[in-house]
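Peer 1: If you read the protein sequences in the order shown, they are chains A and B. Heads up: the first sequence runs through residues 0 to 767, numbered per numbering that gives the first Met the number 0. Heads up: the second sequence runs through residues 0 to 140, numbered per numbering that gives the first Met the number 0.
Because the hints were derived from the structure by calculation, they are not lab data. Each hint can be trusted.
Only some residues are given here: those of chain B computed to face chain A with a beta carbon under 10 Å:
#: 1; residue: Pro-34
#: 2; residue: Gly-45
#: 3; residue: Val-53
#: 4; residue: Pro-68
#: 5; residue: Leu-76
#: 6; residue: Thr-112
#: 7; residue: Leu-130
In this text the structure is predicted, and so the values were computed from the model without any measurement. The C-beta atom is built at its ideal place from N, Cα and C for all residues, glycine as well.
In case you want the letters, here they are:
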Amino acid sequence: MIGLLLLYGGVALLGPALSRRLGARVLFLCLVPHIATLAYLVSAWPRVAGGRSIAESHEWVPALSLGVDLRLDAFGLLMAGIISGIGVAVFFYARWYFAGRSDLGLFAGVITVFAGSMVGVVMADNLLLLYVFWELTSVTSYLLIGIDHQKGAARAAALKALLITGMGGLVMLGGFVLVGRAAGTFSLSGILATPPSGATTTVGIGLVLVGAFTKSAQVPFHSWLPGAMAAPTPVSAYLHSATMVKAGVYLIARLAPVFATVVWFWRPVVLAAGVATMLVGGYRALRETDLKLLLAYGTVSQLGLMVVLVGAGYPDLTFAGAALILAHSLFKAVLFMVVGIVDHAAHTRDLRRLHGLGRRMPLVFAVSVVAVASMVGLPAALGFLAKEAAYEALLHSGNPVVTAAVVVGSALTFAYGARFLWGAFADKPVRKEDDVALEVAAPSPAIVLPSVVLSILTLVLGVAPALGGKLVTSAATAVGRTTELPKLVLWHGFTPALGLSGLAIAVGVALFLRRGSVDRLQSRLALPAGLTTPYEHALSLLNRVADRSTGVMQNGSLPIYVGVILLTVVLLPTWRLATDGRLPSRIEFADSPVQALVALVVVAAAIGCARARRRFVAVLLLGAVGFAVAVLFIMQGAPDLALTQLLVETLALVIFVLVLRHLPEQFPRRSSRLATGLRLGVAGGVGVFVTAFAIIAAGSRTHPSAGDGLVERALPDGGGRNVVNVILTDFRAFDTVGEITVLTVAALGIIGLLLARADGGEGEEPGK
Amino acid sequence: MKLSRSLILDMSAGPVFHVALLFSAFLLFRGHNAPGGGFIGGLVAGAALVLRYVAGGADEVHRTVRVAPELMLGLGLALAVLTGVAPWLVGDQFLESAKLSVDLPLLGTVKTTTALPFDIGVYFVVVGLVLAVLRTIGGEE
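My request is simple: use the sequences and hints to build the entire structure.
Peer 2: This is the structure in structure tokens:
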């Protein structure tokens, strides 16, 4: 299993490198890990059918009990199958969608990383590992929504999605930690086998639910998903309908059978969120005129239904939920791909302007009809089986209010499904100024092919329930740990469930036929435009707080910065020194008269430097301080240190002189006595403190010096006689890595700042 | 301010530069057993570049070293980090050093440690920093 994840990672690195040469065909390369995953899943099926699982474990960070613990059961297999199967279809579609473009390296790499992370989410058996993959999908989703980064709207939508799902992810991490601590393990299967309970678990599960709700766009966190439609259509088809948004549903499904009874608020909260999402999504989908937004709200609505089904934690509802997850992936991917085809052909997605496309692209129309039939639950499509199973289960073990809400939701689904078909394909009168005189180019067969395949799959699975039934039954068994499950059945007879289906469809037909009245009602109920959403409100508040605090902390005055830093250095340790410090019994002021003389030179040069009026003189005197200190090092027998000090002083002097070219010759005149007094006070304080600290620290040694050990070990362990260099490159080499990283960053900062200030093009590449 | 050029400086800068570079390499390689090492060697090479700069300005430095400072910084850092990562391949810890003994023609058996490539990385980072400063702060107005 880890091999598959590594394959995704490897292809993601390889793709961008080859994209120049391959153009859009690079996406064929990205099919490789999907196909490998599918092959693996097929081979693994006999071992996971009927609720068993395969586990695999690799060590990662044992200290954090973070391991690459992977587990595949039938539910994971169903999800991974959707991820890789829909992946094949969408990537193939994207290759034609982006035909002729050669800048797909980033896209191909990121979407492959996403696919791998998504497979990781459904295979992870360690909560922390699951979190890592979960956040990877959020980040890659951000990059993919904003892939057209020249467009401000795309960037804003990407940021919104990242902030909401990222915030949810962090909250969820907190929940994972609480639950993991309560259970004493971060293993998902371990926690489900022996679930913890108590206040910690209750709070933790609440936090996890927030994460799942944000990811699966549940009310009130749903607003990022319609925004995410700024992404290219393949991204919407793949991430924002078929896979990523189902991560939250997946997690809820995993936890529900156990925690629906352990945590008292689970059912009310999950069902309320699901029902609200289902209805809000369906209602909004009826209002949108952009086909893609219509589908986005439709996805929101369907996600709500899935949460209702898998969230209750009853085996038969989970079973219906698993069937719906499969059916939804198949039909919603097709619908999004169709929107992309229509958009390409007619250059608009506005259903008020599109007309007559059904006659011009009959094949596209046909696959859309199949997909919509599955979405609204008409017989012969897979969606019908899922809907029937859902009604059966709801009537058997559901709450009547929830059942009624699902009927309403289904009626809305029928209405917006019909609206989609009508809007995209029907012959209808359009206003003169909206008539684009559609010069519709027939889509190439290749771009339609994936939709056709998925639609055929929808029909085959819909007509032959036994084919998909076994997979869905095994998945529900794996989640619910029970074998008492219904079956997917094409014809139940005239049951109450069929009646509910019929009722929903009848209401849906009525809603569609009276669409004029519905439109008027909706526009009367609509909130006034320009109302700030809570999201925008929170964002502007955050910006205001940041502005204010930056204004206080970073006021731009160098004397104040230095003053604050120096005062902190002096005051905090002084408190310790005064309480705990002891003066040594004997203080040696100098080893020899020469040493004292050099020290006097240092002091004199330092005073001269502080008093200098001209900058150049100050720099020279500062250099004199440095050179004199180097002499002290030599007298102490530290040639390495002295050599470094001399060289650094030399270079620093040169750099100072270079900078001085840009500064006035003289320092500005001191402004006031108060300012001068303050400076003297701070400087004097630092001087006194450092002296006192050196004396007291020298007398306070309680442990033997670390230096002796280093000197002894230098030759045997480090293989060198120069202890200083062995420390730098071996014993404390990690420190050195940090230091040269800082040097590099500083150098790049200098280059960046100064070249940005210089005139763009000329300063860009000084060497060429 | 534009410095007037000095004939003596112009003539001596070239030879001194090369001797200084050689000396910096000497410091770098002997660093493990006697005063020297990557930092000091890099600083000497940097000082040599500064000499070039004082004699001939930023253009002279460009002509002498054609490598972009960013590249030198990146290569140096990469070399140091790769030296640190390499022990993982044989199951050792990050940055764990090993002693090497190589038989070279002319020089005979040379004993060194894997700390040497690490130190070479440090050397290049320091030289890269000086180059970056000379090319930016030292550039013409």
